[in-house]
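So the sequences go chain by chain: A and B. Just so we're aligned, residue 1 is where the first sequence starts under the working numbering, counting upward by one. Just so we're aligned, residue 1 is where the second sequence starts under the working numbering, counting upward by one.
Quick caveat, the hints were computed from the structure, so don't treat them as lab data. Note that this is a predicted model, so its numbers are computed, not measured. In this text, a Cβ means the ideal position worked out from N, Cα and C, and glycines have one as well. There could be a bad hint or two in this list.
[To be verified] Some chain B residues close to chain A (C-beta under 10 Å, calculated; not the full set):
| # | residue |
| --- | --- |
| 1 | Val120 |
| 2 | Ala122 |
| 3 | Arg124 |
| 4 | Gly125 |
| 5 | Met126 |
| 6 | Gly127 |
| 7 | Val128 |
| 8 | Arg129 |
| 9 | Arg132 |
| 10 | Gln136 |
| 11 | Val137 |
| 12 | Leu143 |
| 13 | Leu145 |
| 14 | Gly210 |
| 15 | Val214 |
| 16 | Pro216 |
[Said to hold, decoys possible] Selected chain B positions facing chain A (in silico; Cβ < 8 Å):
| # | residue |
| --- | --- |
| 17 | Pro140 |
| 18 | Arg211 |
| 19 | Ala213 |
| 20 | Ser215 |
| 21 | Gly217 |
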Amino acid sequence: MESVTKRYADGTVAVDRLSLEIRDRSITVLVGPSGCGKTTTLRMINRMVEPSEGTILLDGEDIQRRPVTTLRRSMGYVIQNAGLFQHRTIVDNIATVPRMLGWSKQKARARAAELMERVGLDAALAKRYPYQLSGGQQQRVGVARALAADPPVLLMDEPFSAVDPVVRKGLQDELLRIQDELGKTIVFVTHDIDEAIKLGTMVAVMREGGRLAQYAPPAELLAGPADAFVEDFLGADRGIRRLSFFPSASLDLTTGPVLPLDATAEQIAAAGAPWLLVTDAEGRPLGWGEPRTLTAGAIRPGELLPYGRPFVPGTDSLRAALDSAVLSPAGHAVAVDDAGRVTGVVSQAAIGEAIRGAHAADRADEAKVAS
Amino acid sequence: MNVLNFVQAFFSDGAHWHGYDGIPQRLLEHVQYSLLALALAAAIGLPVGLLTGHTGRGGNALAFIATAARALPSFGLLVLIVIVLGFGLLPVMIPLVILAVPPILVTTYEAVRSVDPSPVDAARGMGVRESRILFQVELPVALPLILSGLRSAAIQIVSTATIAAYVSLGGLGRYIVDGLYQRDYEKVVGGATLVAVLALVTLAVFWAAGRLAVSPGVRRR
Ligand SMILES: Nc1ncnc2c1ncn2[C@@H]1O[C@H](COP(=O)(O)OP(=O)(O)OP(=O)(O)O)[C@@H](O)[C@H]1O
Ligand SMILES: [Mg+2]
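Hey, can you work out the whole structure from these sequences and the hints?
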């Protein structure tokens, strides 16, 4: 988008000289307070709104030069509340664009069935009508319908804002998975900064009056907000949230205080730690205990305190590791493998060290980019 | 003698069941006038209602015309038109159509306008053309309301089509007009009963049409 402005008939400037380069095969999130011009920006991309000034290029070509229906059919469009067709069954809703493009009924339905699976909808829902689906399911249908003709671009306007947080998280994870598999170019509008940070490859923060406040990858946004507006918009816990972008793989794990249920008095004494993590026969964590309260040889689960929420080094971030350490009565995070077996524990101090290291590495990266 | 006796007497008289003044013949005429008037009214009201409803423009003008048309007394209009045009089918059709257009026009306009805007927005964003949006997105959802407009128009036509008898045409109005003239109250009540029954049949026909034409997704059952 090159210096795009939208002035509505009543004089409202919804978007003001916005320049944005949207990367192929990535998720670009437009985020900002209500009325800052996110929807207007999105709708200019499929020409539901025509810009007053500036140009929008798609693969180097001005979108004004494409017939509007051709342009729109090459872009999936997902809106809040899904906007399903009440009178059509779920398969027929999804098959809308393929049918319009002249596919046979059979082929379009087969494609719809395939998409239902991709977005995590039970095939049994195919013959239902929209009113028979929950809000979350309807939204999945909306996404499937947008993907039906396999468009390279997907435009999404607050698609998940009308569903509850648990369903929303499921839909977000699903979108990330779909993006991984299909590599679409997605432009996603939301007013929820957490959603923006979770989904965005790049995040464009907009402010009132339709101006771009900052355009950066989410980690960079959290590390260095461009101004007070962005900082304020990012909200509290910016530092903690930024930890989501640091890997936990480099943490040094120790197995010293990890003991099985049948640990002997000598083993307990030898561990020499104020808190011991006791595991079951398969090595899964059971809980923390202080040496003096444990029955040597046959530790009972009743003697143990909960171990909080373990993290998986390599998969989870430093944020998960820190959270685990903070939850643990011993001040140590519990690391497990994919099967849930303890691979070691790590202290808050060690995590703090890793955080400082990650920050330093990040600064060094930035310096390299700058020079 | 009460009304029920009249009704019983009228319908049990074998002479009323055949001939050019028999019940089947009069019923057929009445249905023909009604269908013709309804078709003409729909041919005017539906396209205009659909188009104005889709674009959202012209709503105020519509409401004004509809109210004005409703204020016209059908019988008075008939007399006036007969004076100007003379006897025939046309003078009967004009007041019936004027009576029926407003409910069709106004409900169709309202029905299309009140369709949830988000599926329409989604369809437009997917590159569906405007005509298809109207007929394949808005119309199916607006259909129950549109049918209710047609239904009230049809009921009004069926009961008002009795005026045809005043200009020497047939239909069930014949019994009422002739009965009054001949002071044959059995005939009057019989004719009125037939009109009422036909109105009920009309209701049933529209109920069946709704069941057949409206998607279960819109009916919600
Ligand atoms: N059709 C229109 N005519 C006039 N002004 C409009 C129109 N559509 C939007 N606006 C105005 O343009 C500005 C931006 O609107 P837009 O819908 O793009 O905001 P948004 O960021 O999507 O907000 P929200 O988060 O509430 O959806 C607002 O001030 C709005 O009132
Ligand atoms: Mg919006």
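Against which earlier hints does the structure fall short, listed by number upward? Those not satisfied are hints 13, 14, 18, 19.
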